[in-house]
Amino acid sequence: MPSPIAAAFGLAPARVGSHSLTDGVASDSFGVNADADDVLLVGLAVSALRSLPVLQSLTCPGLSFARLAAPAQATNMPYPGGAGDGSEAGTTGVASLELWWARVPTAMTGAAVTYSLDAAFSSDPFNPNSQNAMLVWGCVSGCQAGDPWDVDPALPVTIASQVAAPGTAATVSFATAAPDTLLLLLACPSGPGTLPAGWTSVVGGAMAGAAPQVTPSLYALAAAGLVAGLTASDGYVGAGLYIGAALVGTPDGGSDDEGGGGSGPSQSTATLQPDLVWLEWSDDRGHTWSNPVSISLGGVGGYITSLQWRRLGYARDRVFRLTWSAALPTALQGAWIDVKPGSS
Amino acid sequence: MPRLQLTGGAYQARNVIASAQRCLNLYVETMPQAVGEPSPAALYPTAGLVRVAYLPQGPVRGLYRATNDTLYAVGGSTLYAISLAWLPVALGSITPGLTSPVSMSDNGNTLVLVDGTSNGWQVTLATNAFAPVSDPTGSFRGADRVDYLDTYLLFNVPGTPQFQTTQSLAVTFDSLYFANKESHSDLLVTLAVAKREIWLIGETTTEVWYNSGAADFPFESMPSVFVDHGTCAKYSVAATDNAIYLLAADRQGQGIVMQCAGYQSTRISNYALETELAGYPVISDAIGMTYQYNGHVFYHLTFPAADKTWLYDITTGQWSELAWLDAGGAEHRHRANCAASCYGRVVVGDWQSGAIYRLDPNVYTDDGQPIRRQRAFPHLVNDGKRLFYRQFIADMDAGTVAPAVAG
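Line order of the protein sequences matches chains A and B.
First residue of the first sequence: 1, per our numbering; consecutive thereafter.
First residue of the second sequence: 345, per our numbering; consecutive thereafter.
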């Protein structure tokens with residue numbers, strides 16, 4: 001039987017967006033034919049002359065993006081063209097690659113991604129107009145409905161960032177024994193790169209303008225219990241930047257390993273729904289916990305929202321517990337309880 | 345309605361029927377009584393992480409702000425100088441293959457780096473020139489920890505009761521510039537400087553030395569000062585505000601977190617934390633660091649093998665648990681492996697990758713990953729009789745938005 005992922009593996013339309021940043025914030029919309037449980041991938045490449053950019057956020061309504069691989073950065077990207085006045089020709093710049101992913105909760109045909117970079121990036125004193133940011137986005141379609149994807153923390157994320165002489169190879173290696181794995185590579189060679197057979201190009205090959213050139217490309221490989229290696233050779237003298245990462249799916253009929261049982265909020269829920277606070281209680285003196293009950297933290301400006309739960313049963317010894325992971329300035333001072341003493 | 349007040353930190357007792365108060369990624373701030381607010385305390389989110397630099401190799405084994413106001417970092421086996429724009433410049437290589445913490449200090453002219461081996465390295469602060477520590481006298485034997493006092497750089501000599509020093513304002517050595525920790529026979533584990541005194545921290549006991557200015561060797565043991573605790577975790581030792589914090593061991597046992605100040609050692613851990621630590625497979629790998637934000641000075645103690653992190657708020661005396669969520673939602677220890685304050689920021693180095701993060705209380709993710717906050721309340725009882733719970737209202741801020749954060 002083929003791997004469920006290999007059988008389902010397909011690529012939805014994807015595209016590359018390129019932005020010249022002046023204020024550190026950019027957004028763009030894109031069309032994509034995604035079904036529920038598809039995996040949406042965003043690769044971000046940014047380049048500048050001096051200040052390594054720091055990504056502050058990557059947001060999209062209805063989607064919750066998480067960074068899939070640790071960022072790779074290089075300080076020796078070639079800068080062949082200069083900014084037009086000739087002053088920077090032949091110097092090198094800096095560049096950074098990041099790979100993010102989100103699970104598509106319901107079918108969608110398009111989305112708008114907004115991302116912001118830190119102020120140091122947009123105020124590069126050397127040449128404030130010489131930054132570029134490029135998004136590559138793609139979608140892995142046909143994933144199994146109802147089975148969210150895990151990112152397997154046990155799999156290595158490999159980063160290569162090096163100066164490569166013409167024809168010299170940068171190598172990214174994966175080693176996985178997981179039965180059903182989608183390997184991803186975000187490659188950013190300074191010139192045309194070559195990839196081994198078997199990898200599928202999701203999207204890529206764009207070239208940004210005046211800043212140090214970055215040409216991000218996103219590749220994918222469905223794998224089942226293999227050790228995969230990849231070598232990308234570099235046509236020019238300069239740095240190559242590569243990020244590898246892996247997503248692990250769940251085979252048909254298998255159970256997903258994300259549920260928190262009765263011991264806490266479902267971990268996937270806690271990660272993917274940012275605006276909630278969960279109440280749990282223990283009626284056995286702190287040993288086990290009830291199923292969590294969530295309510296919204298009120299939305300923007302909903303300061304008057306009362307975070308209340310009603311009809312909570314009875315107990316001789318109860319411990320309440322609140323959990324949240326909203327990326328918001330929160331403060332907890334305690335709680336009020338309305339109780340009625342029983343007779344026994 | 346009756347109020348459930350939260351005034352303390354984490355306290356999950358040996359048996360949860362006594363207390364099950366988990367306090368995760370939150371710290372307690374008490375209100376001045378004179379302010380007259382109805383709630384005497386609030387729990388605030390601990391600081392998030394924003395990546396500011398990325399070294400090609402991890403883990404980040406040490407961060408140090410030298411007296412030339414430059415940040416130095418060890419990522420993997422390479423020492424970097426990191427500029428104001430957070431750009432790393434590789435200076436040189438140290439012992440390959442190690443991942444344990446390193447120690448750095450400087451005498452105003454030269455930075456010295458030690459990594460627990462018999463070697464050391466130096467950087468001329470004016471030029472960032474890197475070189476191995478060269479000692480024709482053969483007396484330098486490497487160290488786990490280097491510190492500075494009165495123009496001298498101080499080193500523990502691993503596996504001995506001895507410490508040694510450089511000569512004044514130079515990374516040169518005198519074969520007589522060493523001394524034994526002598527009040528008890530245990531080996532010297534590490535050392536630290538606080539209040540212009542050297543704390544020689546052994547396996548089970550500690551003694552204090554000071555600069556007497558004597559001609560043959562400038563340091564002497566402080567008479568009649570003896571601390572009946574040492575440390576079981578050499579990297580747990582951290583100093584702030586003339587006090588030393590460590591995971592203690594003595595001739596009676598181990599696993600109490602202590603503050604040493606004014607020749608007194610004070611237990612700052614509680615039964616709940618001590619019971620927790622006793623359940624860890626290893627505590628000798630604990631790494632301690634101190635930093636401050638929003639007026640709270642913290643002692644951050646992380647346990648790599650147990651994959652747990654605890655945070656002591658020195659200002660309030662309360663403990664919290666810290667955890668980082670991986671992409672699958674599982675809890676692990678906080679990302680910080682070391683800390684420093686430089687360029688107006690508190691920065692921490694990652695225990696796995698080469699990332700250096702800004703610790704920012706106005707950021708509510710760990711470099712994009714959600715941070716789980718959790719707080720359990722005290723037990724609610726009514727003389728063994730049942731209580732019917734009609735309503736629970738959390739006294740918690742709602743409707744907020746994440747603030748724009750400056751780079």
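Since the hints were made in silico from the structure, they are not lab data.
Please note that a few of the clues may not be correct.
Unchecked claim - Just some of the chain A residues that point at chain B, by a computed CB distance under 8 Å:
#1 L63
#2 A66
#3 L68
The C-beta atom is built at its ideal place from N, Cα and C for all residues, glycine as well.
Status of each hint after checking the structure:
Taken as an interface hint, A/L63 does not check out: its beta carbon lies about 14 Å from the nearest beta carbon of chain B, beyond 8 Å. Interface restraint check for A/A66: the shortest CB-CB distance to chain B comes to about 5 Å, inside 8 Å, so the restraint holds. Taking 8 Å as the C-beta contact cut-off toward chain B, the hint placing A/L68 at the interface holds, the least distance being around 7 Å.
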